[in-house]
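Undergrad: Model the full assembly from the supplied sequences, consistent with the hints where possible.
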Amino acid sequence: MGGMCCIAIVVGVILTAGSAFARDQIQIAGSSTVLPYAKIVAETFGEIYPEHKIPVIESGGSGAGIKEFCRGIGENTIDIANTSRPMQPIELQACSYAGVKDIEEIHIGYDGIVFAADIDSPDWHLTLKDIYQALAARVLTDGQLQSNPVKKWNAINSNLPAWDIAVYIPGDKHGTRKIFEEKVMLQGCRESGVVDTLRASGMDDKAIEIACVSVRKDGMAFDIDGDSSEGFAHITSKKTGLAVLSLSFYKNNADRLKVATVNGVMPTEQTVASRQYSISRPLFFYVKKVHLDIIPGLRKYVEFFLSDQMIGPDGPLAEYGLVVAPQTVREVQRAAFESR
Amino acid sequence: MRKGDVCHTTPMRRDIGLRQRYRAEMRFRAYGITAISIGMFFLGVLLWSVFSKGYSAFWQTSLTLNIRFDAAIIDPKNIRDHDSQVLFTANYPLLVRNALAEKLGVPSDDHLALHEVSHMFSSSVRVQLRDLVLGHPQLIGGIQKVTFLASADIDSAFKKQINLAGSETRRKISNRQIEWMHRLSADGSLHRAFNTGLFTLTASNRPETSGLGVALVGSLYMMLIVLVLSLPIGVAAAVYLEEYTHKNRFTDLVEVNINNLASVPSIVFGLLGLAVFVNFFGLPRSTSIVGGLVLTLMTLPTIIIATRSALRAVPPSIRSAALGIGASKTQTVFHHVLPLAVPGIMTGTIIGLAHALGETAPLLLIGMVAFVANYPITPMDPATALPVQIYMWANEAERAFVERTSGAIIVLLVFLILMNIASIVLRRRFERRW
Chain R
0 MGGMCCIAIV
10 VGVILTAGSA
20 FARDQIQIAG
30 SSTVLPYAKI
40 VAETFGEIYP
50 EHKIPVIESG
60 GSGAGIKEFC
70 RGIGENTIDI
80 ANTSRPMQPI
90 ELQACSYAGV
100 KDIEEIHIGY
110 DGIVFAADID
120 SPDWHLTLKD
130 IYQALAARVL
140 TDGQLQSNPV
150 KKWNAINSNL
160 PAWDIAVYIP
170 GDKHGTRKIF
180 EEKVMLQGCR
190 ESGVVDTLRA
200 SGMDDKAIEI
210 ACVSVRKDGM
220 AFDIDGDSSE
230 GFAHITSKKT
240 GLAVLSLSFY
250 KNNADRLKVA
260 TVNGVMPTEQ
270 TVASRQYSIS
280 RPLFFYVKKV
290 HLDIIPGLRK
300 YVEFFLSDQM
310 IGPDGPLAEY
320 GLVVAPQTVR
330 EVQRAAFESR
Chain A
0 MRKGDVCHTT
10 PMRRDIGLRQ
20 RYRAEMRFRA
30 YGITAISIGM
40 FFLGVLLWSV
50 FSKGYSAFWQ
60 TSLTLNIRFD
70 AAIIDPKNIR
80 DHDSQVLFTA
90 NYPLLVRNAL
100 AEKLGVPSDD
110 HLALHEVSHM
120 FSSSVRVQLR
130 DLVLGHPQLI
140 GGIQKVTFLA
150 SADIDSAFKK
160 QINLAGSETR
170 RKISNRQIEW
180 MHRLSADGSL
190 HRAFNTGLFT
200 LTASNRPETS
210 GLGVALVGSL
220 YMMLIVLVLS
230 LPIGVAAAVY
240 LEEYTHKNRF
250 TDLVEVNINN
260 LASVPSIVFG
270 LLGLAVFVNF
280 FGLPRSTSIV
290 GGLVLTLMTL
300 PTIIIATRSA
310 LRAVPPSIRS
320 AALGIGASKT
330 QTVFHHVLPL
340 AVPGIMTGTI
350 IGLAHALGET
360 APLLLIGMVA
370 FVANYPITPM
380 DPATALPVQI
390 YMWANEAERA
400 FVERTSGAII
410 VLLVFLILMN
420 IASIVLRRRF
430 ERRW
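Top to bottom, those sequences are chains R and A. Residues 0 to 339 in numbering that gives the first Met the number 0 are what the first sequence lists, from first letter to last. Residues 0 to 433 in numbering that gives the first Met the number 0 are what the second sequence lists, from first letter to last.
Don't take every hint at face value.
[As the list claims (entries may be wrong)] The calculated SDA-like cross-link candidates involving lysine to any residue, where the alpha carbons are at most 20 Å apart (straight line), are:
id: 1; chain 1: A; residue 1: Lys171; chain 2: R; residue 2: Asp117
id: 2; chain 1: R; residue 1: Lys172; chain 2: R; residue 2: Pro88
id: 3; chain 1: A; residue 1: Lys159; chain 2: R; residue 2: Ala253
id: 4; chain 1: A; residue 1: Lys144; chain 2: A; residue 2: Val126
id: 5; chain 1: R; residue 1: Lys100; chain 2: R; residue 2: Ile89
id: 6; chain 1: R; residue 1: Lys128; chain 2: R; residue 2: Trp162
id: 7; chain 1: R; residue 1: Lys257; chain 2: A; residue 2: Val126
id: 8; chain 1: A; residue 1: Lys171; chain 2: R; residue 2: Asp313
id: 9; chain 1: R; residue 1: Lys237; chain 2: A; residue 2: Val44
id: 10; chain 1: R; residue 1: Lys257; chain 2: A; residue 2: Val44
id: 11; chain 1: R; residue 1: Lys257; chain 2: A; residue 2: Lys144
id: 12; chain 1: R; residue 1: Lys299; chain 2: A; residue 2: Thr88
id: 13; chain 1: A; residue 1: Lys52; chain 2: R; residue 2: Arg255
Worth flagging that the hints you see were computed from the coordinates, not collected in a lab.
TA: See the structure below:
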């Protein structure tokens, strides 16, 4: 039948395609936080250098991107992994087992993490200690770790509204969660003196860390699986909630959101850049050096990304919400890439 | 008293539970109506939320202005005759900014105001005017009426999707820009037009130039691949299993497996596709060929099951009659049984395709959940799919992507409705009852 003939042709095409395939398009995968920035660079790159195709950028999270990146070397593997955290030693090891040894880490800037509420809510002035006390699974009561009894914000700090605690936090698969645990929960734990008390009681550091960063699961804090837009959707329907969002997301929706100060500092690009606002994370991408000479346009793309035209303080990435790295860092980065 | 007497005097009717049985029927009808109303209510809420947010995506705010193609800006050194590169890198947005500033009466030394003027229109004018000038170099020095896109923020503000009442510092559009917007709209330079770009443009970081083009082509390629592969394979498998084999332990095993595959979560097919097609056969990632193959695997069980039940519905008398007048087994099947089963097969295939069209999970692992801004020429080029584009837009931060997400859902729903209507029409027209 005709159908069989079609199958034969398609199968034939598939089997021959694998070997005859040469890639002329850069392939990138990784963090959904870096995605908007990478998209801006990729599209502008395609407009300025029309002889190159616009890179394909997959979005699946930092971890998934690194996994693809470490699959091996060659045209069938991706060239760049976008991440919202540095690569961990175990990932570097996996990479080098697969033959991906020579990789360049490129730091593109910072992203602030903010606590946002509905625009009509009163001003929020939080401290790391408040947040820790509101969200910890277990808190110190009479020298013992016991499940957190606090139900309302004003029970922690009388300046806060008399609302039920409801905080939407990105789930475990997001790079944001790790930063939240490290820079909010653990730090809040230290600032409220819990760490010292626990250490004095003979608990080891690992156990203290786990006790500090575990977030309560009794319906006051909610893990969200999606991106910032999901957190945003939650607080637009539950007006008394707080959502943990990225600063760039807040900037794009400032007409509907109000952002909380943390330890008295308002999150802005300036305060994140100067490190006054402590909850931020670095954004990176990693590129396979071997691919620089195989994939057409890859070297040009990286150079274009690193130029001040893109990641500079007046560039389109800063306008979208990227907190740019200091000039010296950018220059060192560029010199390091060009010198090789 | 008297009435009671009458009651007593009439003979007792045999209790056959009539009233109870009527009541049971009434109750069941009420349950049924409640069930349908609940379903209709949620469908209504879904459609309302999608359409109320999404209908505005089909209109886009544009500006029409007379633009002076100033040679001093495009080619200040007058070298374009021997160096065409200059036409390529010229500062085209400046032409539009100057034209707009002139129209709005903004002085040429008010840099802050000029900065705000240049945020009124989409930066896609660079490519638009560049292509215009490269195609018609004689435009340089002259004046030409050009229609171009307004920026996404102006578009959202014009559609009243940005809260303009709040403080100026809290929104991405200033009071001055709003006033300009109203002025331009009053004299007709700023207007709404049907958003053809939604269907023709590719993914973009600018909401105003984002479209479903790549996703539509990618979905089309994948549907073609699914149709071409799964229909013949599925029908051949079903005909063999139904007409040629005898029921034994082996066919039972095959049947259990096929039914099982039909209910396997689709992400599993994605894992399989990644392992087999990408890593083993070395097919390129993110391409519609890999997506089509994965969706073929997913659709096959649906088609096999539908075909088998369609074949089973053909009465045995047809087979007996054909065999009786001397047709061979194969002639019986292909001349008589299969043609009668075609409506059922078509319905099953269309439903399988509609299912595949709406699938995202298996595409995630083979790299099709991606930003792709070049049209795929062949199925071997990177592409996305309609549901994937919806997912990508839903995660965007800009306000203007909200309406596009819902707009894309409307487009997908229209395709699904068309396919499902087609399957009903086919069944109505060709189905035979015995």
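Undergrad: Return the numbers of the hints above that this structure violates; sort them in rising order.
TA: Numbers 7, 10, 11, in rising order.
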